[in-house]
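S.K.: Here's the letter readout for the chains.
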Amino acid sequence: MTDPRHPSADTASWFLSTARERLAGLLDPGSFTEFLPPTERVQSPHLVLFDLPAAFDDGMVVGRGRLGKRAVLVAAQEGQFMGGTFAEVSGAKLVGLLRAARDDAKLPRIVLLLLDSGGVRLQEGNAGELAVAEVMRAIVEARGYGVTVIALVGGRAGSFGGAGLTAATCSRIAISEQGRTGVSGPEVIETNKGVEEFDSQDKALVWSVTGGRNRRLLGGADAYAGDTVAGFRDAVLALIDRAPPFDLATLRSEQRRLADRIERLGACHSAVEMWVALGITEPQSIRNLDDTAFAEIVKSLRGAAYDAR
Amino acid sequence: MTLDEILSSLFPKGHDIDPRSDHLILGMGKRGNGGTVEVVGIADGEALGIEGVLPLARRVLDIVARGGKAPILVIVDTQGQLMSRRDEMLGLNEYLAHLAKCLLLASRSGHATVGLNYGKAVAGAFLATALATDVLVALPDAEPAVMDLPSMARVTKLPEDKLKELSQTTPVFAPGLAFMSAVGAVAQVWDPAKPLADQLEATLAAIPARDKRDVLGAERGGRPIAAQIARRVAHQASGDDYV
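Chains as they are written, first to last, in my numbering: chain X, 446 to 754; chain B, 32 to 274.
Keep in mind that the hints were calculated from the coordinates and are not lab data. There's no promise every hint is true.
Said to hold, decoys possible - Restraint-style ranges between C-beta atoms, simulated for each label pair:
hint: 1; chain 1: X; residue 1: V640; chain 2: B; residue 2: Q199; range: 52 to 58 Å
hint: 2; chain 1: B; residue 1: A237; chain 2: X; residue 2: K744; range: 48 to 54 Å
hint: 3; chain 1: B; residue 1: Q199; chain 2: X; residue 2: L497; range: 32 to 38 Å
hint: 4; chain 1: X; residue 1: P490; chain 2: B; residue 2: D222; range: 31 to 37 Å
hint: 5; chain 1: X; residue 1: L734; chain 2: B; residue 2: E196; range: 51 to 57 Å
hint: 6; chain 1: B; residue 1: A237; chain 2: X; residue 2: T726; range: 58 to 64 Å
hint: 7; chain 1: X; residue 1: G591; chain 2: B; residue 2: A237; range: 25 to 31 Å
hint: 8; chain 1: B; residue 1: P181; chain 2: X; residue 2: L494; range: 16 to 22 Å
hint: 9; chain 1: B; residue 1: K243; chain 2: X; residue 2: D692; range: 22 to 28 Å
hint: 10; chain 1: X; residue 1: A738; chain 2: B; residue 2: R185; range: 38 to 44 Å
As the list claims (entries may be wrong) - Dumping the calculated DSS-like pairs for lysine-lysine here, alpha-carbon to alpha-carbon at most 27 Å:
hint: 11; chain 1: B; residue 1: K44; chain 2: B; residue 2: K100
hint: 12; chain 1: B; residue 1: K61; chain 2: B; residue 2: K225
hint: 13; chain 1: B; residue 1: K61; chain 2: B; residue 2: K44
hint: 14; chain 1: B; residue 1: K243; chain 2: X; residue 2: K638
hint: 15; chain 1: B; residue 1: K225; chain 2: X; residue 2: K638
hint: 16; chain 1: X; residue 1: K638; chain 2: X; residue 2: K648
hint: 17; chain 1: B; residue 1: K100; chain 2: B; residue 2: K61
hint: 18; chain 1: X; residue 1: K551; chain 2: B; residue 2: K100
hint: 19; chain 1: X; residue 1: K514; chain 2: X; residue 2: K551
hint: 20; chain 1: B; residue 1: K44; chain 2: B; residue 2: K225
hint: 21; chain 1: B; residue 1: K100; chain 2: B; residue 2: K195
hint: 22; chain 1: B; residue 1: K225; chain 2: X; residue 2: K648
We treat Cβ as the ideally placed atom computed from N, Cα and C, and that holds for glycine.
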């Protein structure tokens, strides 16, 4: 539904928006309440040691609001501040939100994570790594109490390293064409293993490996969103009522899903080879299809529907 | 300590863990009280890729399916996640998260989980294994890290000398066991001169019910404000109900 006061909110690019712009457009107008807002000046005490500027929210916005009149808890990473990285303060804000969802049944039973992160902030690496471990545990514990946690991936920094693992710990993942996810980014692999292993300058290659369409085709994401606020809102609404429980049956199903992926696609040398193996007749066209045509292809694939996580 | 020495000291009554060509650790050890400890892990500094995850995760799921309360020991010496275009293409983040989720499920299902870091433990593979346990312990020559200092200097564009200097006083970022203990990731460092079996039993007798790593980090001064920030957010979310 378009809000007449914000005529552009629905069509604004998710990729280009800030964390706060995404939240403002995604949630019902005027419904957002922030916890530890910038006025409380909760910022990293460590960045000053590296002569780096801090931010009054440390690049993590947490709070509650409504989406289509349903109450939700939200966390949004600001990819333009230190790459949206997990650090002592940003990580603890997310941990606190998830633990509250776990412990307080009166809070909304839906948590939306607007991930936009290169992973752990190296200047606070130990705290960031540990924060990711705490976040993963808190997601699982909240899911165990019936909370649905949905990752939204479509920002500039993508969702890499610890953020890539965090996304895959959630009940559901929505991703856009511009959304990228993985563990080691292309530059890191190129630096460590050489340009023959992964040429990070080859944008088409990088997109085919880490990009949202490949993730959706393989079942690495559960919904495909257009690169707009409206696109992500629709994707979230489609996922919200069909989250898998966190139990043995779900994880056994995920084990089969991931084993099946290696069996069917493990010998492929490129994304195009994988798409052929999935039964896509014109794999070279995947990049050029519009969102609607791409969504039709996804519907026809077994792997994309087989989405236990 | 070598893996053989560790296993002998942990399980003087015997175990069935044999070296494997894929460097995974899979098996069972006998406890002094007649019970057993399930053991999974990764050895020899091997990198963890999608093929390594599946046997470990399957084993953990089988343990959960069988029921009972046997503890699970996760022994780790890994240089990190496998860096390969192919594994990333196939969704390595999902595989690593799956293993972590299986361990967290086991913990929720009544299996105490203990991580034991005896060599390297780095980045994504660290998150998927030892950091997904109830308690992480280490031996003194363990080298847990997010990234080594030279690589960190490259990524952050800060001089390595400056990072070395800062690492003396800033546990929040520098690699190594002392710093990972200070931030609360590593709960205890075991004494290799004493029987590891006794130290494992002592650890198993005091498994925390909740994740207290942020509180530990505050007590030890390595992560000064994470615990209070998490509590403040929860408090603002729940009002005065949150204790």
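S.K.: State for each hint whether it applies.
M.R.: Each hint tested on the structure:
For the pair V640(X) and Q199(B), the supplied restraint of 52 to 58 Å is violated, since their beta-carbon distance comes to about 36 Å. Taking the beta carbon of each, A237(B) and K744(X) are about 52 Å apart, inside 48 to 54 Å as hinted. Our hint of 32 to 38 Å for Q199(B) and L497(X) is violated, since their Cβ atoms are close to 19 Å apart. Between P490(X) and D222(B), the C-beta spacing of about 34 Å keeps the proposed range 31 to 37 Å intact.
For the pair L734(X) and E196(B), the beta carbons lie near 53 Å from each other, so the given range of 51 to 57 Å is met. Restraint check, A237(B) to T726(X): a C-beta distance of roughly 59 Å satisfies the suggested window 58 to 64 Å. Judged by the Cβ atoms, the range 25 to 31 Å given for G591(X) and A237(B) holds: they are separated by roughly 30 Å. Separated by about 19 Å at the C-beta atoms, P181(B) and L494(X) satisfy the suggested range of 16 to 22 Å.
Between K243(B) and D692(X) the beta carbons are some 25 Å apart, a value that agrees with the proposed interval 22 to 28 Å. Roughly 42 Å separates the CB atoms of A738(X) and R185(B), a value that falls within the hinted 38 to 44 Å. Between K44(B) and K100(B), the direct Cα distance comes to roughly 20 Å. Compliance with the 27 Å bound is thereby established for this hinted pair. Between K61(B) and K225(B) the alpha-carbon distance is near 18 Å, which keeps this suggested pair within the 27 Å criterion.
Restraint check: the Cα-Cα separation between K61(B) and K44(B) comes to about 6 Å, which is no more than 27 Å; the hinted pair holds. Taking the CA atoms of K243(B) and K638(X), the gap is about 37 Å. The hint is violated against a cut of 27 Å. For the suggested pair K225(B) and K638(X), the alpha carbons sit about 41 Å apart, so the restraint of at most 27 Å is broken. As the CA atoms of K638(X) and K648(X) are separated by approximately 18 Å, the hinted pair is consistent with the 27 Å bound.
Annotation: proposed proximity of K100(B) to K61(B) holds, straight-line Cα distance about 14 Å (limit 27 Å). A distance of roughly 32 Å separates the Cα atoms of K551(X) and K100(B); the hinted pair therefore is violated under the 27 Å criterion. As the CA atoms of K514(X) and K551(X) are separated by approximately 16 Å, the hinted pair is consistent with the 27 Å bound. Our distance criterion of 27 Å between C-alpha atoms is met by K44(B) and K225(B), whose separation comes to about 16 Å.
Taken as a hint, the K100(B) and K195(B) pair is broken in the structure, with Cα atoms around 45 Å apart against an allowance of 27 Å. With a CA separation close to 55 Å, the supplied pair K225(B) and K648(X) exceeds the 27 Å bound.
Comparing the model with each earlier hint shows violations of hints 1, 3, 14, 15, 18, 21, 22; every other hint is respected.
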